[in-house]
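Just so it is clear: in the sequence shown, position 123 is 123 by the numbering used here, and no numbers are missing.
Derived from the structure by calculation, the hints contain no laboratory data. One or more of the hints may lead you astray.
[Unchecked claim] Distance condition first, Cα-Cα at most 25 Å in a straight line; then the derived SDA-like pairs of lysine to any residue: (1) Lys431 to Ser350; (2) Lys182 to Glu134; (3) Lys182 to Ala221.
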Amino acid sequence: MDTVFRDVRVLDGSGGPSYRADVALDGGRIAEIHRESDGGRRPGGTRLVDGHGLALAPGFIDMHAHSDLALLRDPGHEAKAAQGVTLEVLGQDGLSYAPVDDRTLDEVRVQITGWNGGGPQDSSVDFDWRTVGEYLDRLDHGFGGEGIAVNAAYLVPQGTVRMLAVGWDDRAATAGELARMKRLVAEGLEQGAVGMSSGLTYTPGMYAGDAELTELCRVVADHGGYYCPHHRSYGAGALDAYAEMIALTREAGCALHLAHATMNFGVNEGRAPELLALLDDALDAGADLSLDTYPYTPGCTTLAAMLPSWAGEGGPEAVLARLRDEATAARIRHAMEVAGADGCHGVPISWDTVEISGVCDPALAGYVGKTVARSAAERGEEPWATARRLLLDDRLGPTILQHIGHEDNVRRIMRHRVHTGGSDGILQGDKPHPRAYGTFPRYLGTYARELGVLSLEECVAHLTGRPAARLRLTDRGLVREGHRADLVLFDPATVAAGATFDAPRTPPTGIPHVLIDGRFVIEDGHRTQALAGRSIRRTPPGRG
1 MDTVFRDVRV LDGSGGPSYR ADVALDGGRI AEIHRESDGG RRPGGTRLVD
51 GHGLALAPGF IDMHAHSDLA LLRDPGHEAK AAQGVTLEVL GQDGLSYAPV
101 DDRTLDEVRV QITGWNGGGP QDSSVDFDWR TVGEYLDRLD HGFGGEGIAV
151 NAAYLVPQGT VRMLAVGWDD RAATAGELAR MKRLVAEGLE QGAVGMSSGL
201 TYTPGMYAGD AELTELCRVV ADHGGYYCPH HRSYGAGALD AYAEMIALTR
251 EAGCALHLAH ATMNFGVNEG RAPELLALLD DALDAGADLS LDTYPYTPGC
301 TTLAAMLPSW AGEGGPEAVL ARLRDEATAA RIRHAMEVAG ADGCHGVPIS
351 WDTVEISGVC DPALAGYVGK TVARSAAERG EEPWATARRL LLDDRLGPTI
401 LQHIGHEDNV RRIMRHRVHT GGSDGILQGD KPHPRAYGTF PRYLGTYARE
451 LGVLSLEECV AHLTGRPAAR LRLTDRGLVR EGHRADLVLF DPATVAAGAT
501 FDAPRTPPTG IPHVLIDGRF VIEDGHRTQA LAGRSIRRTP PGRG
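Given only the sequences and the hints, what does the whole structure look like? Please build it.
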């Protein structure tokens with residue numbers, strides 16, 4: 001045996017009772033589980049690790065990650081590795097970097113530079129891929145062929161696909177354009193993607209109607225994947241938006257995974273039970289349904305995402321031109337502050353809830369950590385003037401924290417039987433959301449140990465076995481003999497998120513060891529040099 005963990009409390013990812021055991025690893029897999037109650041000879045190995053006082057669990061699966069470029073830029077990737085994350089699902093919210101052509105790549109790099117960096121002036125990543133398969137190959141051969149920090153799966157981004165086939169027009173796709181989109185989605189799935197994502201408050205993906213989305217979901221279903229939408233509203237139309245996604249995936253026969261399934265803004269305070277009843281009715285009727293959330297109340301996105309959808313038609317350069325034009329900018333302001341723009345979920349924006357968390361231009365760093373309302377007051381101007389200037393000067397780059405959530409909704413939703421964990425972690429910016437560095441230990445420390453919202457066994461299942469089942473991984477997500485040795489050892493008494501809103505990049509405590517394929521990526525609380533991560537494909541070619 002390579003490594004044996006002695007006398008650990010095993011939380012096996014199923015949600016069942018924990019038990020004490022020795023767990024032996026060999027060749028990257030779990031070779032033997034010797035329960036304390038078994039008696040007899042205990043397994044020996046090249047390395048023995050004393051697990052007294054520690055819990056051993058499957059590696060955590062981040063069902064909603066924005067590490068599409070970070071995994072190629074940062075070999076350590078401690079934001080996720082230190083949390084015990086061994087697999088991230090990329091390509092979220094309908095916007096990512098494959099499949100693309102040269103035009104689309106340039107456009108998407110500008111549009112989501114606030115999420116991932118990678119803007120026109122960023123040379124830290126060589127964008128030498130165009131297809132989904134080429135991107136996954138690049139992950140497999142990152143950093144001189146050694147690999148990447150953690151494993152990664154990928155969703156075909158529907159918004160990027162629409163950029164390729166339709167462009168940035170707010171209209172229905174033609175028959176030929178729809179056929180091309182279906183072909184692009186099928187190719188991405190055949191090359192290893194696990195499903196398709198949408199960002200239905202982000203242009204141009206939001207221009208797709210239900211009939212178009214249903215046809216794309218039929219392709220996803222035919223290939224055994226799942227649909228992961230950021231749906232059309234988390235605010236004024238939230239329940240209708242959830243119902244829309246359930247209905248169209250039921251019609252398409254497609255599995256559904258609801259991204260960051262929250263109920264936000266004042267209009268939804270206390271309304272989580274209505275959402276949960278909607279989900280239960282769908283599940284009882286046979287829907288294949290799951291969801292993810294992060295354990296925080298503020299959200300995080302880009303400032304440009306708050307704009308009305310009509311302002312995004314034509315792409316990033318068209319958006320900037322509209323913001324420069326006084327009359328058009330006045331229309332945008334009215335949509336945001338009075339009517340409630342669809343980009344802001346149909347709710348009139350409150351600038352005192354919008355905090356700037358990052359900018360691309362260092363000269364604008366003075367705005368970071370302040371709400372738009374506060375910066376405007378300091379400048380003696382109206383908030384819209386400040387927001388408009390930021391969007392123009394930073395070329396749509398600012399990221400924001402939006403303080404619009406409700407703790408009771410967060411707790412109720414995370415208890416649900418199909419809930420999984422997803423950080424939605426944006427790693428860019430001077431003051432990113434702490435969920436990027438703290439989601440998984442916060443679930444364990446705050447919501448399981450301190451608040452008792454979930455038992456520890458159930459909490460681990462939400463972060464491991466349940467997401468592995470959604471991804472249809474047959475040898476990950478559980479502590480079982482023969483499964484991949486993607487494992488986390490943590491101290492149930494001390495595990496906690498170090499990240500806060502004031503210090504968002506602080507590492508967690510109480511997670512001494514993290515392994516991928518039996519290799520230590522975190523050892524005694526420190527990052528090793530191991531690059532054990534690879535792409536996890538829907539039809540694994542060899543490894544995975």
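When the structure is checked against the list of hints, which entries are broken? Sort them ascending. The structure breaks none of the hints.
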